[in-house]
Every structure is written in structure tokens, then in C-alpha cells.
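**Student:** Given next are the chains, with one letter for each unit.
Protein chains: 2
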Amino acid sequence: MKKLINKPENVLKEQLEGFQAAHADHVNVHFDPTFITRSSKTRKGKVALISGGGSGHEPMHGGFVGAGMLDAACPGEIFTSPTPDQMHAAAKACDSGAGVLNIVKNYTGDVMNFEMAADLAREEDIKVQNIVIDDDIAVKDSLYTAGRRGVGTTVLAEKICGGAAEDGYTLEKLSDLCRKVNRYGRSMGMALTSCITPENGTPSFDIGDDEIEIGIGIHGEPGMSREKIKPADEITERMTTEILDETPYKRTLKEWNFDEDDWVEVEVEDAPFKKGDSFIVFVNSMGGTPVSELYAVYRKVAEVLDGRGMKIARSLVGPYITSLEMQGCSITLLKADEEILKYWDAPADAPAFKQ
Amino acid sequence: MKKLINKPENVLKEQLEGFQAAHADHVNVHFDPTFITRSSKTRKGKVALISGGGSGHEPMHGGFVGAGMLDAACPGEIFTSPTPDQMHAAAKACDSGAGVLNIVKNYTGDVMNFEMAADLAREEDIKVQNIVIDDDIAVKDSLYTAGRRGVGTTVLAEKICGGAAEDGYTLEKLSDLCRKVNRYGRSMGMALTSCITPENGTPSFDIGDDEIEIGIGIHGEPGMSREKIKPADEITERMTTEILDETPYKRTLKEWNFDEDDWVEVEVEDAPFKKGDSFIVFVNSMGGTPVSELYAVYRKVAEVLDGRGMKIARSLVGPYITSLEMQGCSITLLKADEEILKYWDAPADAPAFKQ
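These protein sequence lines map, in sequence, to chains A and B.
Just so we're on the same page, the working numbering is the position in the first sequence counted from 1, plus 15.
Just so we're on the same page, the working numbering is the position in the second sequence counted from 1, plus 15.
Simulated from the structure, these hints should not be mistaken for lab results.
Treat the hints with care, since some could be wrong.
Same chains, same names: a pair is fine if it fits in one copy or spans any two.
Straight-line alpha carbon distances no greater than 25 Å define the calculated DSS-like cross-link-like pairs of lysine-lysine that follow [as the list claims (entries may be wrong)]:
hint, residue 1, residue 2
1, 56, 369
2, 245, 22
3, 357, 369
4, 28, 245
5, 289, 59
With the rest of the complex left out, here is chain A (with noise of 0.2 Å):
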């Protein structure tokens, strides 16, 4: 196993050492429970918003703690769901009384740690809403998730309901963004190579000298297909087509109702995507994929949207949501409104992304 790494036990917890080192200007790393902080207190009245999730995906979520995007981020061990006490801690460190939003990724244990940990802060007064991003139109059901995986769109909401926690939103209308950020993205990726756990030491998985699989996991869970590799503009072609042809998907998702004071299933429907409409283009590397290669990925996708008499409004390129070394990319295609822009566009200033 090749990688810049001590004991494998100790790679979290060395790694926030590090990121702790490097950036003490803008986060607090917690230990015991784990978890990130702004080194600024919330301001009062100011919405905090939380994610976490797995390790193993940096820069995401850690990397995006700071002014504009997360108040707090709690990482699990690698691809490893954070315990509801890591979340509960990050709550209570950051609620100012104006509540907590929690960004939750569609992987089973995450969503139900962060219920059990919103249920936790609720015992304390503490008002906690979670949201779940479930954007991946690659799979429904897999190896870590029932329903569709949260991925690429995750970046993009923090990004977004980042910038309306710090305009002022109320909990209700910062909920009411996001769960309009997740019905707006959608996403798939695609790996060339598997990653490599530093616990297991092999690859997750087995993928030929010659072959690709379309619509992968950040786990490495298996996707859609495995082919033979191909140009990358087939590639990009096909998995551009595949989100926007997808039928828009209606699945139910669990939020808390704070008339009823309980957990409730919402109905949830993805927003269709048609000609004329805006969009914000993510395209992500998984890790191994040098940023190069991501531009001639994203001018695929400028070629295919075009064609379709869609315009791209804003873009992101870059590697925001991994999978440790993998090689591949993922294209999260974001319709975009006044508010998305605007909150888009507002300013921020986390380690991983300044805008």
C-alpha cells in the first residue's frame, strides 16, 4: 500500500493534527468527540450549519468549515459514518439559539446517526433540523445506502445554505434552500482506478487495466456498468446524458415536523431540467485525477448542455468530494434560481473554497 501515511489507526487523527496545524488561522479540530469548529464563535441569531460524514472525501467536510459554508464538521473514520455524539458536541458548540441545520449525505448510517444525535440536542432546547442530500442518479439502493447516494450536490448546498445562514435566514427558510438544492442537482461518477483504505491496505475494488465503472460510488461502491474505457468526451457525453435525462424522482425522505414534534416521511420530487434553463456545472475529481484532465471533462459537458439550449451560469472544477487516491471524476449539474446564484456567489472563507 503506497501512501503518505503512519500506522493506519492513527491517519484521522494525525491528519487533523495537520489541518489543524495548517489552518489554526481559520478552524478548531476537537478531539474526543471529534469534531471541527470555525475558530469563531456563531454569531447570535445566526442559523449554524453542520455536516459530516465519513473521512476519506477531503476536502469535504472539514475543509469547508469557515465563514460562508459549514460551522461545523464532524469527520467519521474512513468511510465511516461519525458517531451522534460527535454531532451532538458540534451542536452544541455552535447553536447561538437560532437553531442547527444539519447537511446529511444519503448513507444509512449517517442519517441515522444525525437523527439520534438531533433527537439528543432537542432534550437540550437546542432546535435542529436535518436534510438529506440524496442527488446520485447512478443507483438507488446500495452497498451503504437505501435510496439514491448523497454526493457532488452536497459541495454545492453547504456552498449555498453557507451563504443564507450568514444573510440571516431563519432555520425554517434555510431548510425550505436546501431541500430545493437537493431537488435541483443531480450527479454521477465515474472511476478508472479503485482506492485503497489504509485499514484494509488492498483495493476496494478490482477494475481491469482497460476498463472504467460508470456511475461509481465515493466509496467505490459499484455502479452503474463496467466498460472498456473510451474517450473522454464519450464518457463525458454519456454521463451528462444520463442526468439530464433522468426522470425526475420522487422518493419520500425524513425530516423533523416541529408542529407535530416528530420525525415525518416528506415527499420529495427532483425538479425536471429543460431547455432554458441555468446551471451551475460541478465537475469533481475523485482524488487521483489531475485537474488537466477535469477541464477537458467540463468542456464536454459545456458542448453537451449547449446543445440542449442550456446555459451554465457558474462552475466549479477541482477535486472537492473524494474518494481517497481514486482516479475518475464525478459531474454534478446544479439548476440554479436567483436565490442559488446569489448565495453561489456571496462570499466565503474555509480552507478548501474561497469565493
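Once you've looked at the hints, dock chain B against the given chain A.
**Tutor:** Same frame as chain A, now just chain B:
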């Protein structure tokens, strides 16, 4: 060869088309000859800052074109120097009458072509200075270079000199600052894996499954030693110690002498690094190593500096000067003084660097 590319001969063109499409708000990409400028013209009286070099090191240099950093970048083919006509066209497009500073990494082709381009520009009454960066302590004289290679300090020089140029530095004063940054900066790299250039399609060098190369160059040129893989702490301590203990290096570098109206050899000597010094610490990914591993490296660099009674003033962690998909990292230590920190902290808004 597993890459997100189409035909190898179109890689650079397509990547630049994608870069243009993604960052039209920041940059204009020109073809025939190929160079990248800011989307707005150089302000009257501001010295134009230009760099360039072979492609494959993205985001350097194109990603650093923008307010507070470069006015233009000249990308060559992959791992191949750009040509004098590219650099000349960039100088003509950017000169506002205050002259041009070319930041040149010390590779034989780059140095020669930037000199020819400066001569061409002078024939058209554009005032040009070239400052060479040669900060890689690993080897003297190598496959592409006479003397030391130019690596990570280049990124820092582009940021710092970019800030000073915006602040109204004359060409002479800006050249002095750039010389100082070169004298104050030292780097070393290491590789876990090779990279593959699209034209060749096979690894640039062979390396065993249990081997690393210490002192690697950014084109995969051989370094100081081939070793068995070790814990990140050991590798990092070794590299940091080599950088700190390097005997200040004396050499001559070619510059333009405006009084003599000719190229002259100038004696240059690295500044010593000593107890009490403050540094900008830059831990860079070679492209395929995820940011999580860089933080483990950063942590140990900080520990070594602390043990020597040295301080970290600022830090930069991420993929900034890469070698395609090579796995590995480089460490750059730049001794910081008030002037360097002032312009490090100055605003910047380029596609790959915001401050």
C-alpha cells in the same frame, strides 16, 4: 493508459478550451500562439507579471492568472517548454508601458526561450526582466536542467510578486522581490508512483510496489535516492531536514542589465535558515496524492520546525504544482519577512488561487 482524454495530440488544446469555458470571468485563452491572459487588460502603469512552462503541472501556471497574481501564462505542450513566440505575444498583450517581469523556472528550454522572448520584446521597446527560480535542493544538473530545478517556490513567487505588482512596484523593485523570494525558498519532492504522459502512454519511470523516489523532479526526473517505502513521518523528517540543513547554495543566474543593455551573469546565494526564522510552509501534491495525506506530512513538517525553534507564519496545502497523476508530494519552505508576508496576504482572485 487510463486517463480522461481523447486523442493524445489534442490534450492541451482541449484542456485549455475547458479551462476557458469554466473561467471566462477570469481569463482569456488565446491560440496560435497559445497563451492565457486575464479577462481584463493590465492597468496602466502596472508591471505585467508573466510565467509559463511545460503543461502537466496544472493548476500552475494558467490557474494563477488573475487579479493579484499573473497577468499571463504561456503553457507549452506537456513537459515541454513553451516557445518564444508564445511568451512574446503574451508580453505584447500585457505590457501597459511599465514593463514585464517573466518568472522562469530553471529548465534549459524555459530559460533559453524566455531569453529569446525578452530580446524580441525589447526590439519593440518593451522593458523586460527575467528572474529564474531554482529552489529544488534535491539535485544539481539533471535531465532538463543546468543547476537546480525550479519547483514549489515558483507558486509562492507568483503570489507574492503578483501582490506587489498590484501595489505599484516598479520593474526594478519587483525584480528585487522576486530574486529575494528565490533566495529565501527551498524545496524537495518525492514520488510514490510515476506519471504517464499522454504522448508516451507508458510510465515515465519504473518504480517498485514497495519503493519511493526521494528528490523526484516534476517531470519524473530521477531524484536523490530510490528507497523502500517508509512511514510518512520518516519521509517528511528526512525531506524537511535536508531542506533545513542545505548549505546556502552559490551560483550565477542570467539577468538583463539595463545599464549595460545586455545579459549578465549575476551571483546569487541562498539565504541561510536559522533558529527564530519564520516560514511560509507549502506542502504540495504531485497530482495523485489526496489532500488528506498532505496534512499528515504538514503535521510532521510543523513538528520538525518547532523542534528547531522555527516558526510557521503561513501555510499552503494542496495540489498547485503537479506532475500529471503522479502520487507524491513536495515540501517548500520560504523564509518570510514583512514584505513577503504583506504580499502573500494581499488579495488574489485567480481560478486556482484566492486569498
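**Student:** Could you run down the list of hints and mark each one as holding or not?
**Tutor:** Quick rundown of the hints versus the structure:
no. : hint        : in the structure
1   : 56 <-> 369  : both (19 Å within a copy, 24 Å between copies)
2   : 245 <-> 22  : between (38 Å within a copy, 11 Å between copies)
3   : 357 <-> 369 : both (15 Å within a copy, 19 Å between copies)
4   : 28 <-> 245  : between (39 Å within a copy, 19 Å between copies)
5   : 289 <-> 59  : neither (41 Å within a copy, 45 Å between copies)
The structure fails hint 5 only (numbered hints given earlier).
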